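Enquirer: If you read the protein sequences in the order shown, they are chains A and B. Heads up, the first sequence stops at 58 in my numbering, and the numbers go up one at a time, no gaps. Heads up, the second sequence stops at 278 in my numbering, and the numbers go up one at a time, no gaps.
None of these hints come from the bench; they were simulated from the model. Hints are supplied without guarantee of correctness; some may be wrong.
[Stated by the list, open to error] Stretch-level coverage of chain B by chain A, calculated; a stretch enters the list once three of its residues show a Cβ under 8 Å from a Cβ in chain A:
| hint | region |
| --- | --- |
| 1 | 138 to 149 |
| 2 | 179 to 187 |
[As the list claims (entries may be wrong)] Label-pair restraints from in silico Cβ distances:
| hint | chain 1 | residue 1 | chain 2 | residue 2 | range |
| --- | --- | --- | --- | --- | --- |
| 3 | A | A28 | B | Q106 | 29 to 39 Å |
| 4 | B | E75 | A | P22 | 36 to 46 Å |
| 5 | B | S183 | A | S39 | 21 to 31 Å |
| 6 | A | A28 | B | V231 | 27 to 37 Å |
| 7 | A | E17 | B | E75 | 32 to 42 Å |
| 8 | A | K(-11) | B | D213 | 12 to 22 Å |
| 9 | A | K55 | B | P201 | 25 to 35 Å |
| 10 | B | K267 | A | E17 | 51 to 61 Å |
Only a predicted model underlies this, so the values are computations on that prediction, with no experimental measurement involved. From the three backbone atoms N, C-alpha and C, an ideal C-beta is built for every residue, glycine too.
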Amino acid sequence: MKTTITFDKTLSKDILFAFGKEIDAEGFIIVSKSPSERVLSPEGGNVALEEFAGITQGSELFIKSDLPSLIDFSKRLG
Amino acid sequence: MSFVDKLKDIFKVDMRGWFTTKKTQIIIVNNPAQKTPFVHSEQNLKINFLALDSEVKKQLQLALKEAFDEKEVDLLEQISKERVEDIKEKSKNPKTQEILEFYKGKIPDDHLKALEACLYLRSVFLEGGNIKNLKLDIIKRFGDEGRNISSLCSAGYFEGYIRQVYEEMSTTSSFTNEDFKRYFRTIVRISPFAIFVSEDKDKDELSGEILHKISVHKNYGVKFLAIHGIGYKNIQKIRKVVYDLHQYFDSEPEYEEKSGIVLVKINFK
């Protein structure tokens, strides 16, 4: 059964680092090896560090912290 | 190797016996007050990232990535996790489920998603929770339509007027869901400038609401108001109240009646 590991918001950059991601000059999450490539949320938009809520499967889906995104994520959990 | 086994290797402690229930959580914290690398209880294992040396941090980060790639874990920030748990809890409410089930397929999918978010917003509000940022989230995702659906939802229109419109419209032989969707889009679009009248609104309430809306509209330079009603009794109620208030209007109200629904347009100075 899949576990959800929770992390403190102040550790967001450390978590992203583990996934080969960092933050660009405008505050968006990017692929470290391909700095021009910003990661996408399930809705297809860029994800700013301040709105980063987590990572879920598919292959890597970056969850935003706004209410509609968290409602969508809650349905993925089942 | 499971994530827990990886933790055992990293911290040199057998943690497997700590996860006696499925509800035991793993939380990575950033706590300057906690000197030890981890603290465990029956409810959770808290790993203090701040207390780890750089090598252990790297090992933990690698273990997280591997566990994710093996589809063993998701990662979620603490406050968002609490919000997700609250969303799941409130989504079990039978009334919420019934409303969403009723409107599924009857309103555009995007509006249904907005309604779901607004029902959650309403339940947080009724508990005395702070909804300011949640409402901004809805407006940011769904725009003015999201804002309007939120207002309609909090006023109970999805249980009242809008539902009654569907039930009234669906009795006509030529009815299609597309007819209702079209009218629903209109309701959402014009709702800031409209009053919707159903059985639960008596004449005094309607009268008060019309005068209040006129006052608010004037402040924003809007010089019209639309009143929607369904069913014979409500239509008569509207006609009576509009007649009693005619001194406040600039011109004769315009009436349009179709399929048991009336639309009255009022202009004022």
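Enquirer: Next, verify each hint and record whether it holds.
Expert: Hint-by-hint comparison with the structure:
no. : hint                          : result
1   : 138 to 149                    : holds (count 4)
2   : 179 to 187                    : violated (count 0)
3   : A28/A / Q106/B: 29 to 39 Å    : holds (33 Å)
4   : E75/B / P22/A: 36 to 46 Å     : violated (23 Å)
5   : S183/B / S39/A: 21 to 31 Å    : violated (48 Å)
6   : A28/A / V231/B: 27 to 37 Å    : holds (36 Å)
7   : E17/A / E75/B: 32 to 42 Å     : violated (23 Å)
8   : K(-11)/A / D213/B: 12 to 22 Å : violated (50 Å)
9   : K55/A / P201/B: 25 to 35 Å    : holds (30 Å)
10  : K267/B / E17/A: 51 to 61 Å    : holds (54 Å)
Checked against the numbered hints given earlier, the structure breaks hints 2, 4, 5, 7 and 8 and satisfies all the rest.
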